[in-house]
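Residue numbers (the UniProt record's numbering), protein chains in the order written: chain A, 1 to 181; chain B, 1 to 413; chain C, 1 to 780.
It should be emphasised that the hints constitute simulated quantities derived from the structure, not laboratory data. A hint or two may mislead.
So the derived label-pair ranges between C-beta atoms look like this [unchecked claim]:
#1 B:323 / C:758: 28 to 34 Å
#2 B:300 / A:102: 55 to 61 Å
#3 A:122 / B:299: 44 to 50 Å
#4 A:102 / C:276: 39 to 45 Å
#5 B:75 / A:37: 29 to 35 Å
#6 B:193 / A:38: 23 to 29 Å
#7 C:293 / A:102: 33 to 39 Å
#8 A:18 / B:188: 54 to 60 Å
#9 C:767 / B:75: 46 to 52 Å
#10 B:267 / A:37: 42 to 48 Å
For each residue, glycine too, the CB sits at the ideal point set by N, CA and C.
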Amino acid sequence: MTRGWCKEYTAASYTVVMSIVRNIAGITKGMSITFREMLQPTEVENYPDGPGPTRGAVLQERFRGAHELQRDENGLEKCVACFLCAAACPSNCIYIEAAENTAEQRISSAERYAKVYNIDYNRCIFCGYCVEACPTDAITHGHGFELASLNATNLVMRKEDMLVANVGMPGQLAAHSDSLK
Amino acid sequence: MPDMPEISDFVATSTLLQARPEEGSGDRTMVLNMGPQHPSTHGVLRLVIEIDGETVTRVVPDIGYLHTGIEKTCEAKFYQQVVPMTDRIDYLSPMTNNLCYCLAVEKLIGIEIPERAIYLRVLLNELTRLNSHLVWLGTHAMDIGALTVFLYTFREREEILRIFEMVSGQRMMTSYFRVGGIALEPPLDFFDRVRNLLKILPEKIDEYQNLLTGNPIWVGRLKGVGHLSAADAIALGVTGPPLRASGVDWDLRRDMPYSGYEKFQFRVPISNDGDVWARYVVRLEEMRESVKIAQQALDGMPGGPIKADAPKIVLPDREKMKTQMESLIYHFKIVTEGFQVPAGEVYQAVESPRGEMGYYVVSDGTAKPYRVHMRNPSFATLQALQTMCAGRLIADVVAVIGSIDIVLGEIDR
Amino acid sequence: MADVTFTVDGKKLTAPAGTLLIDACRKAGIEIPAFCYYPGLSLQAACRMCVVRLEKVPKLQTACTTPVAEGMVVTTESDEIKQSRKAILELLLGNHPLDCPVCDAGGECELQDMTFKYGAAESKYVEIKQHREEQQWSPVVFFDRPRCILCYRCVRVCGEGMDVWALGVQNRGVSSVISPNGEDHLDCEECGMCIDICPVGALTSGTYRYKTRPWEMNHVATVCTHCGDGCKTTLGVRSVDDGSEIIRGDNRDKSGMNGDFLCIKGRYAFDFTTREDRITKPLVRQPNGQLAEVSWEQALEHAGMKLREIRDTRGGSAIGVIGSTRTTNEEAYLLQKFARTVLNTNNIDHHRTADYASFAAALQGKAGRTASLRDFLTAPAILLLGNDATEQHPALAWNIRSNVRQNRARLYVANHADIKLHRQAKSFLQIPQDGYAALVQYLAGNEAGFDGTEISAAFREALRKEESLVIAFGSEFRGRDIQSLVDFGLGLPNVKFAALGDYANSRGAADMGLMPDLLPGYVPLAAAKHFGEEYPSLPSAPGLDMLQMFDAAEAGNLGALYVVGSNPVERYGIDPTALKNTFLIVQDMFMTETAAVADVIFPAANLYEKSGTVTNTYGDLQLAKKAADKAGVRTDFELIVRLADKMGADPKKLVPFGRGVRADMGQTRGAQSGEADRHAVWLAANNLEPKLSPFDPFAVFDEIQRLVPSYNVSRFELLGGQDKQTRSDLVQIELDPARRDLVLPANDTLFTSGTLGRYSRMLHSVMESRTTKPAETAAD
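Taking the hints into account, I'd like the entire structure generated from these sequences.
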């Protein structure tokens, strides 16, 4: 009787002890990983306090950010207002009004140019279809991403907002263009 | 003049949602509202829970807080324009959605996809699965109280997202696949970067396992919780890891291969326990298998084109488009008028990280789909919540929700 | 002709002998591509796209020049044919510039469509493309030579369709080039048909070029606002800052009576809508004599108060109303109802350009005697008396030419001038300018007063032999002359008549009773019993007509004059000082001579900016739909209702809206996805649509249909965009023989259009170019 009780007690205490040991072992194993990770270098993009023009954000080359309208080597706008981007856009966010170039005022290299070119960033989903559709490589995705605004009306970007500066230096322009090529 | 109908006639109200104590239960039970803004409901899920003390007697999910009308929107878009919509269905596995939709339309048209595109699709899909499971593991552990795991899984996920960004231009809304292939050739150092990632992933998965598997709290919260029998799982339409955790050996990649999965060697992990723990184990094992598949895709990556030879479907090469009249016309026509898909209907299912994701596409022969319907795994799995939670404690509901890994985006669409 | 049976792609087909294979196939739903083949024009067989394989014929044959024959076995699809078509397209594209992104045709280019469907996906030819500078041939026609595929459609439509022959082919073979016959410019009617018919972007339009894309526009099918032909036009509209502007007009779908024809006015002269000197704010003359912009509320209040004061103190007879020939039927009807029930006056008139009242009186009770514009396309014989249709009714002239060319119809022309249509005439009779009445007498057999010759005798003989004849007469015929012409015509076996008036809704204005002595439907005031309910206080005495009104004004007896869309001061040469004691309200788009002396000016919308129905001079009723929009202006309909409201009248009595609202407001699936809302169409067709607004023209149209039996046409077909003949035989009218003839023909030419033409820059530039010829780039 006593022996039997004793035996049962021993078995039970053995189980309890073993489970405690196992739990401690499990936790130790977990903690050892945590401690090891503590010694690893920090993996944080220090945005917005980091260095560089992106303030620490790391962007891949193909990143689809705010659109840029490119110029050709003569400084003329590449966009010929063909409306393919507007047709390709799944969210209908591109609005264009085309007009004809005149001899006195030449805006683009072809017969027509975009008098108005608006992208509504309230609607844009950054899918890249416009860039894919553009037959003249006029519209590209730049790397701009800080687009948030407290006023939705500010989010309709006009041509002047997106057009790259006319610096007249082909090399410099090439660096901006074709981010999706 | 006929009687005007009552407004209530038009408002779809489920009687289940009018949660009130059942007859005869007296004042023993009360109704608890969980969500739609609750940290552990993963998105905007609202649960109406009837409790008896701390025991759950009934769980009724109330969905629709994330409804965006994507299915309807698809009907107004050209076939190629639907791809960016699919990204936004299950936002944790955009490439899987892209793939499933593209496969469905390709099946309707009947075009052959080049080998390289197939391999790239498989590779990116397995990375997507890893990405999704990493999010699941991190958030699931966080729900249970193990905050550290989240930091580690998101570190690895970050690298996958960067790879996505590198290849497609976006971290999450990739829109990278196209009907007939892939949008762009991956950049030069893409494969090296994936190779490096695959090299470190197995040991990282070991790490997560070591962190959690032996942890007594983890074990206590997971083991025996949220049991779902194989019969119930099948009856409720549960698919994916929860189904396999209930002992049903079913994986679409192996049993109904698509996109060349028959060429890859992998194991389908299953468990017979049917509880939250089993789902945890199954998913962890799946991650290891995914790494293996991705590795095979990487090793066997063939050369060649990434777009099908179907000039009326696929946009022409950019260089040709700029120099050749025919290509320019084809480009112009496809962009502005889309491509026509033969009339018919098709259902294409793929194994998403959450289970069977299916796209049902009906074409009336025009350039816009007549109907696009998505069969989403989370939606079906959510039905099993009641079965898994009834009779358990409220705290278990949180563990169960984590274990079925829902994405509200695909439930509400 | 007898039917023949032949086999196409294994399918047995039957068609009348002589049918072209391409027509027979297309009718059976078998597609055969073609650039140069154009229904209605002569055959060219220039493009070789329509090649098919005929059994037992060694080479591929062109389907557009092969008539079907008994037992013919045709294959339209085979590898050989595919290869042939592909090769043709490759050659066409060989020197085609990479212009799609800038070309106007992009998106509706037949070359694109064909290449996408039948062409290769990649170019075989890598030769350097030859560039040629673009040429301007006229203010509206530009030619880009490298884009041309030499289908000769433009040459043929200009020569055969328009009878202008301004375009031709220079050189032969590989160096063929389309060029104007007038060296470097077009000497033509500037109709723009060549641009419209061009399958590619070689000929481009001066107004549309480089502006937009077909898919970026809304396309609204409506009715042209210029002449009395009522051509159907599809306006391409895009939204701009202050509404939406019209960019182009065409009728590519051939949906109307005019087929694909539009003249220069219909195609280009919509630019008056966007002129910057359009009035967009109400103006009220201040005590200092200057006009000043005021709010709508102030202007309406002022005008309404003043009108009410004059009516209450001096009586309705001291108020005059002048309507327009370019407003919708609903507006014309509403205006006269407003005059007769709110202003209590019958002093109402409009600028009459044809004596429709006498015409209606002559034809009453004679069913099926009015000719539609369509009839001129099919009638075996046509008699044209007076009127220069080429200038004043271009669509009529087009239909007549087409009929003569395609069906060998016999055209008889009698005119005082040597009009251009005489070239199509089987018989032409030149008569003195005042000899029309005598001519009718002569034709009827009464030779007194007419200088008969051999030609005229032959003319009369030929006419009398015609079994079926359509008679169109110009405004030279009035009053009793119309009666005698109709009497003569009814003596012939099967005759239909058409009276030619000048403006888009001249006929409608007359039909709707904008006359001092006649109510809508030409009901004389004395017989107006059934108008009792709607017109409770109808004055029984006839009012003053246009000229009497101005006489009264000069004598100081006209307290107020309400002018809607009309410019009587200029048109009738009125001395503006005659109106100095009259309170003048003008509704117009521009500061016309009449508006300049007004006390209140309301900026009004034009026909392109409103919905309603219009009746062309042949009595064809059509639906006009709102296409453009201009911020600041309001429709005449709304202005009349608001003015009545300000005068204290019940708008519900004026416009019977809100009655019979029993429609359910459900939408069909179509409405949500942008297709036609079939449910709404059904409701509208069954007159069940809810007219909830006092500005709903269809509420007034209900009343018109109730009170004017001749307008009781199928509403379903009308709403579907079809033209419906109104039925003059249902008119009951007894005209006073001494009724004053006030018809003043506008005598517009192809390049003028009354007030609207004066404000169209495009018409001006075309007219200027005709005096100074352009010579920019020499045609090669």
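Hints versus structure:
1. B:323 / C:758: 28 to 34 Å: 50 Å, violated
2. B:300 / A:102: 55 to 61 Å: With a Cβ separation near 58 Å, residue 300 of chain B and residue 102 of chain A satisfy 55 to 61 Å, so the hint holds.
3. A:122 / B:299: 44 to 50 Å: For residue 122 of chain A and residue 299 of chain B the Cβ distance comes to about 45 Å; the hint holds.
4. A:102 / C:276: 39 to 45 Å: 20 Å, violated
5. B:75 / A:37: 29 to 35 Å: 49 Å, violated
6. B:193 / A:38: 23 to 29 Å: Check passed, 26 Å falls within 23 to 29 Å.
7. C:293 / A:102: 33 to 39 Å: 34 Å, holds
8. A:18 / B:188: 54 to 60 Å: 55 Å, holds
9. C:767 / B:75: 46 to 52 Å: 50 Å, holds
10. B:267 / A:37: 42 to 48 Å: Once the Cβ atoms are compared, 29 Å apart, the range 42 to 48 Å for residue 37 of chain A and residue 267 of chain B is violated.
Comparing the model with each earlier hint shows violations of hints 1, 4, 5, 10; every other hint is respected.
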